[in-house]
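On the provided structure of chain A, position chain B as indicated by the hints.
In the order they appear, the protein sequences are chains A and B.
The first sequence: position 290 = 290 (our numbering), numbered continuously.
The second sequence: position 199 = 199 (our numbering), numbered continuously.
Among the hints, a few may not be true.
As the list claims (entries may be wrong) - With a Cα cut of at most 35 Å, we get these calculated DSBU-like pairs of lysine-lysine:
#, chain 1, residue 1, chain 2, residue 2
1, A, K282, B, K13
2, B, K222, A, K217
3, A, K230, B, K222
4, A, K217, B, K29
5, A, K230, B, K74
6, A, K271, B, K76
7, A, K217, A, K27
8, A, K282, B, K110
9, B, K13, A, K239
10, B, K143, A, K230
11, B, K29, A, K15
12, A, K239, B, K222
To be verified - Beta-carbon label-pair distances, calculated as ranges:
#, chain 1, residue 1, chain 2, residue 2, range
13, B, K29, A, I77, 57 to 63 Å
14, B, G239, A, D66, 43 to 49 Å
15, B, P137, A, D127, 45 to 51 Å
16, A, D262, B, D67, 44 to 50 Å
17, B, D216, A, N2, 34 to 40 Å
18, A, G280, B, D216, 25 to 31 Å
19, B, F14, A, R76, 22 to 28 Å
20, A, I77, B, S183, 54 to 60 Å
21, B, E111, A, R128, 50 to 56 Å
22, A, R242, B, A219, 20 to 26 Å
23, A, D267, B, H8, 27 to 33 Å
24, B, E111, A, D199, 54 to 60 Å
25, B, D216, A, R76, 53 to 59 Å
Claimed, not checked - Okay, the calculated bits of chain A under chain B, using three or more residues with CB under 8 Å as the criterion:
#, stretch
26, 56 to 66
27, 71 to 80
28, 89 to 99
29, 253 to 263
Quick caveat, the hints were computed from the structure, so don't treat them as lab data.
Glycine included, each C-beta is placed from N, C-alpha and C at the ideal position.
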Amino acid sequence: MNAIEIHDVSKSYGKVRALSGVSLNVKEGEIFGLIGPDGAGKTSLFRILTTLLLADGGTASVAGLDVVKDYAGIRRIIGYMPGRFSLYQDLSVRENLEFFATVFGTTVEENYDVIRDIYSQIEPFRDRRAGALSGGMKQKLALCCALVHKPSVLFLDEPTTGVDAVSRRDFWNMLARIKASGVTVFVSTPYMDEASLCDRVALIMHGSIIDSGTPSKIESEYPYALYAVKGSPMYPLLKYLRSTDGVLSCFSFGSVHHLAVDPSVADARQKILSEIVSAGFKDCEVHQIRPGIEDCFMYLAGRYRQGGEERGTVRSGHAGA
Amino acid sequence: MENVIEIHGLTKKFGNFTAVDNISFSVRKGEIFGFLGANGAGKTTAMRILCGLSVPTSGGGTVAGYDIVRQPEKIKRHIGYMSQKFSLYSDLKVWENIRLFGGIYGLSGKEIAAKTSEILAALGMEDVRNSFVSSLPLGWKQKLSFSIAMIHEPDIVFLDEPTGGVDPETRRRFWELIYDAASRGVTVFVTTHYMDEAEYCDRVSVMVDGRIAAFDSPAGLKRTYGAADMDGVFRILAGRAVRKE
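With the rest of the complex left out, here is chain A (with noise of 0.2 Å):
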């Protein structure tokens, strides 16, 4: 059975299409990462699936409940994390933990062993108000406080938002345990990197998915051959190699630029090469590469940009109001 199944979600508010046509599933026991940009309509299908928010069309359901008729079932297995904070500011970090037992109707020392890893990190502070916690502990604390009840799922909406990498790095870790203990995890975040963490990802921009599966089967399908090119001075070097004839797209990406050129162009790297050395650029380097999922990311965006300019039904978002 999937953990959850989604199919044709719509949601619109007002003139803003937030959701168009998506249909997902997740399977039981994995982590599922739902990835893209900030308005793309993560947290609309989060807040459907969590039975806070009616979509307009569609069906979802989550551990074989649908998310409209058995809203209540729902509800008491699932775990959520909404991404702007969510416990007491002014209930210490030990009452923050027993209230949310209390509503699930439980205990904090029946599910003791589901939170253990993670509670005994802030069970130092566990007098301290809430407030007056550091981010990393209120995350912590706001883990804790959705898996108190044993949930089947567990939803997190962009846990790791604003969060430095080492901070992220420590808070996926902290995931996978909470997949091995049969947690299905599904979770959103705008940070590309973070897809190669989770079993299966959909990538999602205005609403549609562009993509979904896992991170190696999408980056397995771009279409391009790509190279990684540095070259002295750099950004003259990128604005260079966008008017190159046959480079279909070029971009930053940390220490190198990476340039897609047709896979059936011969001897690429070399035409490359000698072509920015002829221009001038000093230290040249160009090596073909492993598309990554921002490569990917950026390629399928562009494609879904122009077929909904063919489809006239791009949402342009600046029509006015």
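Just chain B, lined up with the frame of chain A:
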């Protein structure tokens, strides 16, 4: 080389907690300077002092030629500031946002009119002059708020996580604006959690536990710490933090 920021022994304490612990550094005119650090390392506190919003407990320095202790109001007038979280008023129209910020920075009506045409033409946004900012795509909002942050032609612009939550292409297009501004001589002081963006800076500092633990070009830092990329450098340095946020 001319420095736009010079800071000596800057310290900020809140009660018995030392948020910023005796930091000294300088930023050169026209460089893109990345101000990195883990959550809770003291970045925001330090940045607030540099922007004239908070007074240091001890130490001092200058920003855009003005003293951070004695002339914070002068500093506010001579720097630009933009953050992803707040920059524009979404229920004002595009031209109204430009007029509002132009007015705040003391531009005359004539100057505001000239700047409005200049900004809209440069961004190709003449057609949305009368649109509410709330109706603009994120990438346009970003470009607009960056231009508005520089409406008074500051020598230095502070960008606080300008690209958080933005899609990969828009994020990169934004950095191209940063390069263009730097090539015109504007100093860019930027914070980010994206370590690939740290690579785009001329120099970066990494704050750990209130101190500056490292300060160099990205290439220099990668050499020093034997890391393949800035993510590796950051993990080595931030991993040494003792203070737990």
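Against the structure, the hints:
For the hint linking K282(A) to K13(B), the alpha-carbon distance of about 47 Å lies beyond 35 Å, and the restraint is violated. Taking the CA atoms of K222(B) and K217(A), the gap is near 32 Å; set against the 35 Å cutoff, the hint holds. Distance restraint check for K230(A) and K222(B): the Cα-Cα separation of roughly 16 Å lies within the 35 Å cut-off, and the hinted pair is therefore satisfied. At roughly 46 Å between alpha-carbon atoms, K217(A) and K29(B) are farther apart than 35 Å, so this suggested pair is violated.
A hinted pair counts as satisfied when its Cα atoms are at most 35 Å apart, and K230(A) with K74(B) does not qualify at roughly 42 Å. For the hint pairing K271(A) with K76(B), the CA-to-CA distance comes to about 50 Å; that exceeds 35 Å, so the pair is violated. Between the alpha carbons of K217(A) and K27(A) the distance comes to roughly 17 Å, so the proposed pair stays at or under 35 Å and holds. For the suggested pair K282(A) and K110(B), the alpha carbons sit about 46 Å apart, so the restraint of at most 35 Å is broken.
Proposed proximity of K13(B) and K239(A) is contradicted: the alpha carbons are some 46 Å apart, above 35 Å. Between K143(B) and K230(A) the alpha-carbon distance is near 27 Å, which keeps this suggested pair within the 35 Å criterion. Annotation: proposed proximity of K29(B) to K15(A) is violated, straight-line Cα distance about 46 Å (limit 35 Å). Annotation: proposed proximity of K239(A) to K222(B) holds, straight-line Cα distance about 26 Å (limit 35 Å).
In this structure the hint that K29(B) and I77(A) lie 57 to 63 Å apart at CB holds, the actual value being about 59 Å. A beta carbon spacing of about 46 Å between G239(B) and D66(A) agrees with the range 43 to 49 Å that was offered as a hint. Checked against the hint of 45 to 51 Å, the C-beta distance between P137(B) and D127(A) comes to roughly 47 Å, which is consistent with it. Between D262(A) and D67(B) the Cβ separation comes to about 58 Å, which falls outside the hinted range of 44 to 50 Å.
With their beta carbons about 50 Å apart, D216(B) and N2(A) fall outside the hinted range of 34 to 40 Å. For the hinted restraint 25 to 31 Å between G280(A) and D216(B), the CB-CB distance of approximately 28 Å keeps it satisfied. In this structure the supplied range 22 to 28 Å is violated for F14(B) paired with R76(A), their Cβ-Cβ distance being about 43 Å. Between I77(A) and S183(B), the C-beta spacing of about 56 Å keeps the proposed range 54 to 60 Å intact.
In this structure the hint that E111(B) and R128(A) lie 50 to 56 Å apart at CB holds, the actual value being about 51 Å. Checked against the hint of 20 to 26 Å, the pair R242(A) and A219(B) passes, with Cβ atoms roughly 24 Å apart. The hinted window of 27 to 33 Å between D267(A) and H8(B) is violated, with their beta carbons roughly 56 Å apart. Between E111(B) and D199(A) the CB atoms are about 57 Å apart, so this pair conforms to the stated range of 54 to 60 Å.
Look at D216(B) against R76(A): about 54 Å separates their beta carbons, and that is inside 53 to 59 Å. Here's how the stretch 56 to 66 of chain A fares: 0 of its residues keep a CB closer than 8 Å to some CB of chain B, so the rule of at least three is not met and the hint is violated. With a threshold of 8 Å between beta carbons, the proposed coverage of the stretch 71 to 80 of chain A by chain B is violated, since 0 of its residues qualify and at least three are required. Coverage of a stretch by a chain is defined here by at least three residues with a beta carbon nearer than 8 Å to that chain's beta carbons; for the stretch 89 to 99 of chain A and chain B the count is 0, and the condition is violated.
With a threshold of 8 Å between beta carbons, the proposed coverage of the stretch 253 to 263 of chain A by chain B holds, since 3 of its residues qualify and at least three are required.
Against the hints set out earlier in the document, violations occur for numbers 1, 4, 5, 6, 8, 9, 11, 16, 17, 19, 23, 26, 27 and 28.
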